[in-house]
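Asks: Sequence order for the protein chains is E and H.
For what it's worth, this note's numbering labels the leading residue of the first sequence as 1, then goes sequentially.
For what it's worth, this note's numbering labels the leading residue of the second sequence as 1, then goes sequentially.
Worth double-checking, as some hints may not be accurate.
Simulated restraints on C-beta separations [what the hints assert, rightly or not]:
1) H/Glu9 - E/Arg167: 31 to 37 Å
2) H/Ser22 - E/Glu176: 52 to 58 Å
3) E/Arg130 - H/Trp26: 43 to 49 Å
4) E/Pro159 - H/Ala35: 44 to 50 Å
5) H/Asp6 - E/Arg143: 20 to 26 Å
6) E/Gln235 - H/Asp6: 37 to 43 Å
7) H/Asp34 - E/Val139: 44 to 50 Å
8) H/Ser22 - E/Arg143: 35 to 41 Å
9) H/Arg10 - E/Asp172: 17 to 23 Å
With the Cβ distance kept under 10 Å, some of the chain E side facing chain H (calculated, not the full set) [as the list claims (entries may be wrong)]:
10) Thr74
11) Ala132
12) Arg181
13) Leu182
These stretches of chain E come out as covered by chain H in the derived footprint (C-beta under 8 Å, 3 or more residues) [unchecked claim]:
14) 124-130
15) 141-153
16) 217-229
17) 252-262
Hints were generated in silico from the structure; no laboratory data involved.
Quick caveat: nothing in here was measured; it's all calculated off a predicted structure.
Beta carbons are placed, not taken as given, at the ideal position from N, Cα and C, and that holds for glycine.
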Amino acid sequence: MSPGSGIVNGLDGHTRLYWEATGAGEPVLLVHGLGLSGGAWWRTVDALAPSMRVITFDHRGIGRSESWMYAYTTEAMADDAVSILDELGIDQVHLYGFSLGGMIVQQIALRHPARVRSLVLGATHSGGRRAAVPEPEVVAFFRRRARMPSEEAAWASVPYNYGPRSRAQQVDRIAEDIERRLRNPFNERAYRAQLLAASLHNCYGRLERIRAPTLVVHGALDRMIPVANARMTAQRVRGARMKILADAGHLYPTEEPAVDEAIGEFFAAHG
Amino acid sequence: MGFTDDVLERTVDVVGRVARTSLVPWGGAEACVDAYEAAVRAVTDAQLRAARAIEVEPMRSVLASCAQLTRDIGATHLSSARWFLDV
């Protein structure tokens, strides 16, 4: 199959989802987190595309995707992702979801289990009453961030997104992340709708029903989604493996580039 | 944890316990929530099938939008129910 890009038009006549595919091999769908476009996966795409067909997309209301209503659920966003697989004629896929994307891929694994070959849950949680919540300062930042100018918000989020080692030693990589992020205009309504989806997300009681081979990855110093969530998820998903990155915060793909290689090996082992 | 949070958590626990007990005759809380989810999906899928079959606009987009609303309102109910019932 050839690399490319396209738009999936929803049956409602208003929803439009932009996707991109790179590389050849077994397909993997990357599902990104809060407020970010598919382009934010650039580091991971470069790492996986030599051996896999890597598909990214912009969530509804973000980047080049559109939506008519700004009230989302992770169920709706999971169905969006599956509509892209339908458009591309892909029956079964490896899934890698990061943060909010991790919540969405849990929903895909539960709502469309036959479509999932394997699952990587990155820096995410399963929702529900037992989810470990971030410190109040972090919650306040999430709310404040929606009203901040894009560049200011991107830099203000650094202490929450990255661990101390990275903030001291990887300033160039952080700046690269922010420069990429700012290429897409920030849609405040879509951001708030995604926040709503994340707060409504609740798969905790159903994690045991996930049958796909699963790898849980998390930064030990994650302030956005505390690492206790990874341990809880790995305990509840049958046979799940867990990889905790000792020095990393929330955006571990920037802080620990080697993790993409380990994730590629996990996909290869379950191809 | 503050006093208010503690009281809230205890209240939610009690409400959840009462609700779980009251659902025992219908197979238990988890079975009831699953049945509701299955019903939401069945109605959503039926609306989507109808939208695909009817090629006339605006009927098609109205049906598809109704399907989305059914799914999302149902998802909100399910999330809240699972939170209270802890299932």
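Asks: A range of 17 to 23 Å was offered for this pair. Does it hold for the Cβ distance of H/Arg10 and E/Asp172?
Replies: With a Cβ separation near 50 Å, H/Arg10 and E/Asp172 fall outside 17 to 23 Å, so the hint is violated.
Asks: Hint E/Thr74 vs chain H: min CB-CB distance below 10 Å?
Replies: holds (8 Å)
Asks: Establish whether the coverage given for the segment 252-262 of chain E by chain H is satisfied; the threshold is a Cβ-Cβ distance below 8 Å, and no fewer than three residues must meet it.
Replies: violated (count 0)
Asks: Is 20 to 26 Å a correct range for the gap between the Cβ atoms of H/Asp6 and E/Arg143?
Replies: Given range 20 to 26 Å: holds, Cβ gap about 24 Å.
Asks: Given a hint of 37 to 43 Å, does the C-beta separation of E/Gln235 and H/Asp6 actually sit inside it?
Replies: Once the Cβ atoms are compared, 26 Å apart, the range 37 to 43 Å for H/Asp6 and E/Gln235 is violated.
Asks: Quick check: the segment 124-130 of chain E, covered by chain H? Criterion 3+ residues, Cβ under 8 Å.
Replies: Coverage by chain H holds here, the residue count being 4 at a Cβ distance below 8 Å.
Asks: For the restraint on E/Arg181, tell me whether the closest CB of chain H is nearer than 10 Å.
Replies: violated (28 Å)
Asks: Count the residues of the segment 217-229 of chain E whose CB lies closer than 8 Å to any CB of chain H, then report whether that count reaches three.
Replies: Violated: only 0 residues of the segment 217-229 of chain E have a Cβ under 8 Å from chain H.
Asks: Holds or violated: E/Ala132 as interface residue toward chain H, Cβ cutoff 10 Å?
Replies: Cβ of E/Ala132 sits 13 Å from chain H, so the hint is violated.
Asks: Taking the Cβ atom of H/Asp34 and the Cβ atom of E/Val139, is their distance within the range 44 to 50 Å?
Replies: Distance hint for H/Asp34, E/Val139 is violated at roughly 31 Å.
Asks: Quick one: are E/Pro159 and H/Ala35 within 44 to 50 Å, going by C-beta?
Replies: The hinted range 44 to 50 Å holds for E/Pro159 and H/Ala35, with Cβ atoms some 46 Å apart.
Asks: Tell me if the beta carbons of H/Ser22 and E/Glu176 are separated by a distance inside 52 to 58 Å.
Replies: holds (55 Å)
Hints 3, 6, 7, 9, 11, 12, 13, 15, 16 and 17 from the earlier list are contradicted by this structure; the remaining hints agree with it.
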